[in-house]
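K.L.:
Sequence:
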Amino acid sequence: MSKEVFLKGDINEIVEENIGFIINTISKVTGKYVSIENDDEFSIGLMAFVEALDKYNQEKGPFLSFAKIVIESRVKNYLVKEKKKVDVVSIDLYKEIGIDINNILYNPIEDKTELINEIQQFKEELNLFKLTMEDLIKEAPKHSDTRENAINVSKKASKDLEVTDFMYEKKRLPIKKISLKYMVTEKVIKRSKKFIISLIIIFFKKYRNLMLWIGK
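One point on numbering: in our numbering, the residue at position 39 of the sequence shown is 39, and numbering is uninterrupted.
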């Protein structure tokens, strides 16, 4: 099935039609039933499904087979990197990486629609900087301390209008300014600049659900 044929219709309708497939795929990876209302894995799996829609072409074979691989990969990575197996991630763990999970609200219908809308908006924002969601995934620092520093700097920078105004006007990071303001070496910022830009967008635009994606 070609991408054009599969994507005929609204993305919300496509997700609705395949919600059972998404939940079943996630459940097989986690070894438990996935709750839409309470499980972070559902948000990760849903974003992976949308990612698969974005990347799919006919050469990759049947869409659902391709989507299954993407969902399994993203959920497994999430579980491994957050040192999870089958339990819901603890609030304390998110606090450790600078994210207040208490601000993220869950609703079995509204949250799903909100998340899809956030992904669409986020992709448009990234496009302004000639970035993609794949860049966010690839550029995410592998070392926990480096990731934590990048998240903390991004949160601070997202509240600094001098930084965000420059970033949106010039379509790049004010590396020297961030380095001096937040006591981070320019080398560290340059090494993770795509990741930091992506995080600043998420925090600046207050994409609540996408904060879960940061931990990937």
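Because the hints were derived from the structure by calculation, they are not lab data.
Backbone N, C-alpha and C fix where the C-beta goes; we use that ideal spot for every residue, glycine too.
Keep in mind that the hints are not guaranteed to be accurate.
As the list claims (entries may be wrong) - Subject to a maximum C-alpha distance of 27 Å in a straight line, what follows is the list of computed BS3-like cross-link-like pairs (lysine-lysine): (1) Lys123 x Lys142; (2) Lys205 x Lys138; (3) Lys28 x Lys68; (4) Lys171 x Lys205.
Unchecked claim - Just the calculated beta-carbon pair ranges, DEER-fashion: (5) Glu169 x Lys28: 40 to 48 Å; (6) Glu72 x Leu180: 39 to 47 Å; (7) Lys177 x Gln58: 41 to 49 Å; (8) Gly31 x Ile69: 15 to 23 Å; (9) Leu180 x Glu59: 45 to 53 Å; (10) Gly31 x Lys170: 41 to 49 Å; (11) Leu180 x Ser144: 20 to 28 Å; (12) Pro62 x Leu161: 46 to 54 Å; (13) Ser144 x Asn12: 14 to 22 Å; (14) Phe21 x Lys187: 38 to 46 Å; (15) Lys177 x Leu64: 45 to 53 Å; (16) Ser73 x Ile19: 36 to 44 Å.
K.L.:
Using the beta carbons of Gly31 and Ile69, state whether their distance is inside 15 to 23 Å or not.
P.N.:
holds (18 Å)
K.L.:
Verify the CB-CB distance for Pro62 and Leu161 against the hinted window 46 to 54 Å.
P.N.:
holds (48 Å)
K.L.:
How does the Cβ-Cβ distance of Leu180 and Ser144 compare with 20 to 28 Å: does it lie in that range?
P.N.:
At roughly 25 Å between Cβ atoms, Ser144 and Leu180 fall inside 20 to 28 Å, so the hint holds.
K.L.:
Does the hinted range 40 to 48 Å hold for Glu169 and Lys28 at CB?
P.N.:
Given about 47 Å between the Cβ atoms, the range holds.
K.L.:
May I ask you to test the hint 41 to 49 Å on the CB atoms belonging to Gly31 and Lys170?
P.N.:
The hinted range 41 to 49 Å holds for Gly31 and Lys170, with Cβ atoms some 47 Å apart.
K.L.:
Does the hinted range 14 to 22 Å hold for Ser144 and Asn12 at CB?
P.N.:
The hinted range 14 to 22 Å is violated for Ser144 and Asn12, with Cβ atoms some 35 Å apart.
K.L.:
Hinted pair, alpha-carbon criterion (27 Å max): Lys205, Lys138. Please report holds or violated.
P.N.:
With a Cα-Cα distance of about 22 Å, the restraint between Lys205 and Lys138 holds, given a limit of 27 Å.
K.L.:
Okay, Phe21 versus Lys187 on CB: inside 38 to 46 Å?
P.N.:
About 44 Å separates the Cβ atoms of Phe21 and Lys187, which means 38 to 46 Å holds.
K.L.:
Lys171 and Lys205: Cα distance at most 27 Å?
P.N.:
Judged against 27 Å, a Cα distance of about 16 Å means the pair holds.
K.L.:
Taking 36 to 44 Å as the stated bounds, is the beta-carbon spacing between Ser73 and Ile19 within them?
P.N.:
Since the Cβ atoms of Ser73 and Ile19 sit about 20 Å apart, the hinted range of 36 to 44 Å is violated.
K.L.:
Can you let me know if the beta-carbon spacing of Leu180 and Glu59 is within 45 to 53 Å?
P.N.:
holds (48 Å)
K.L.:
Does the alpha-carbon distance linking Lys28 and Lys68 stay inside the 27 Å limit?
P.N.:
Holds, at roughly 11 Å.
Violated hints, in rising order: 13, 16; the structure is consistent with all others.
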